[in-house]
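Chemist: In case you want the letters, here they are:
2 protein chains.
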Amino acid sequence: MAETTIKALVFDVFGTVVDWRNSIAREAEATLSPKGVVLDWLVFADRWRGKYQPSMERVRSGHRGYVRLDVLHHENLLEVLDEFGVMGLAEADTDHLNKAWHRLDPWPDCVEGLTRLKTRYILGTMSNGNVALMVNMAKHAGLPWDVILGAEPAQAYKPQPDTYLTGVDWLGLEPGEVLMCAAHNDDLLAARDCGLKTAFIARPREYGPDQDWDFKAEHDFDHITESMIDLAEQMGC
Amino acid sequence: MAETTIKALVFDVFGTVVDWRNSIAREAEATLSPKGVVLDWLVFADRWRGKYQPSMERVRSGHRGYVRLDVLHHENLLEVLDEFGVMGLAEADTDHLNKAWHRLDPWPDCVEGLTRLKTRYILGTMSNGNVALMVNMAKHAGLPWDVILGAEPAQAYKPQPDTYLTGVDWLGLEPGEVLMCAAHNDDLLAARDCGLKTAFIARPREYGPDQDWDFKAEHDFDHITESMIDLAEQMGC
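Top line first, the protein sequences correspond to chains A and B.
Sequential numbering from 1 applies to the first sequence in our numbering.
Sequential numbering from 1 applies to the second sequence in our numbering.
Wrong hints could be hidden among the right ones.
A pair holds if it fits inside one copy or across any two, identical chains being indistinguishable in the list.
Claimed, not checked - Computed cross-link-like contacts, DSS-like style, restricted to lysine-lysine with a CA-CA straight-line distance of at most 30 Å:
| hint | residue 1 | residue 2 |
| --- | --- | --- |
| 1 | K118 | K7 |
| 2 | K118 | K51 |
| 3 | K99 | K7 |
| 4 | K35 | K118 |
| 5 | K51 | K99 |
| 6 | K139 | K118 |
| 7 | K216 | K35 |
| 8 | K35 | K99 |
| 9 | K118 | K99 |
It should be emphasised that the hints constitute simulated quantities derived from the structure, not laboratory data.
Sequences and hints are given; from them, build the entire structure.
Modeler: Printed below as a string of structure tokens:
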């Protein structure tokens, strides 16, 4: 693969760039523990995240028009709170907890790796998170994006082709000039089907110690890397 | 005005952040002079820019669907080349010259002023330029945007309200939490009509030494400033 043809790198964010699981557990504890709630915060994070794909699937399938992820997260939060028997929270508390997704922490290699990559490439998000979520997270975590792309600009959720292709189009590039970077095999396969180049970034603990999928690259992606710094080195940065 | 209510600053770009006139004149000379073309490069820049508002007006009025500014710039370039009697350019040359708008230089106070403002606020573009144009310009000029908003996300050209309001909506903010910053009175008036706060940044030489409009703030905007650094100081940065 000739690196010189790549002009932009676009990134999956949840799991690839930020550690949603430990961040959500911490934020849930910080919000709910003072209210006297006691539960397993990592299980709470997993259960909340478990509703993510099904809630987007209703939009992808056409049963519901596009709504931004903040809205789906909020609906899913009310469900998971109910399942855990947490009742009587003020609206300000659920709103604050919902915006925990705006305050996720990056994996420790990301700020350095992205900062190096930014010297030579355009860096964009290609996330199902909405624009405000991505912008606020970037301010919180110090992520040096050049542009926010993904679901909200396309009004479509990955892995729908429009999500990737709208981003490529807005960059004024050909799909083969854009490198999709993700820790998830299916995300990369969908991007590759749209003509994008692909880079796998291993995050074998995204889902905790018992993770047994997306443990490694299962396909012949253009780059297979262990971290954002490894990716920067492979891209000559 | 309580500064603490402002969460994001959004900027007009052509004229407010970058000096399009001298940049386009320089780029036109660099592209056309080696072809033996001799003309007044600043007049060429003025004539090209003179076609900007009329070409957008066809979109605003509904006579034409939204097309990105790169397309309008290209059509206008072919017209102005014809008017100056410049013929026989290769497509690669007109494409390169058209992308001069992606390579505009900032006014000298902008990188410092924006870098200071970025420490406390979300910074977005609110330009009629398309996303690729804004992203490439930011890489060229070192402009530290957090997010690219404006015409292409809204599929509408300023001063149409949708342009401002889509940006505000994508930021997840109320209009009154967003400060529109521009060197043009009409842009600020339109933003104010949408509920945004307003900051005038004086660029009395945007159109050259004979400029006799947008020379100063003609209305009671929330901030009236002489430069991006003055704005940073007024915003406590």
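Chemist: Against this structure, judge whether each hint is valid.
Modeler: Going down the list of hints, with the structure as the test:
no.: 1; hint: K118 to K7; verdict: both (11 Å within a copy, 25 Å between copies)
no.: 2; hint: K118 to K51; verdict: neither (33 Å within a copy, 35 Å between copies)
no.: 3; hint: K99 to K7; verdict: between (32 Å within a copy, 16 Å between copies)
no.: 4; hint: K35 to K118; verdict: neither (43 Å within a copy, 35 Å between copies)
no.: 5; hint: K51 to K99; verdict: within (16 Å within a copy, 44 Å between copies)
no.: 6; hint: K139 to K118; verdict: both (16 Å within a copy, 9 Å between copies)
no.: 7; hint: K216 to K35; verdict: neither (40 Å within a copy, 54 Å between copies)
no.: 8; hint: K35 to K99; verdict: within (18 Å within a copy, 57 Å between copies)
no.: 9; hint: K118 to K99; verdict: both (27 Å within a copy, 21 Å between copies)
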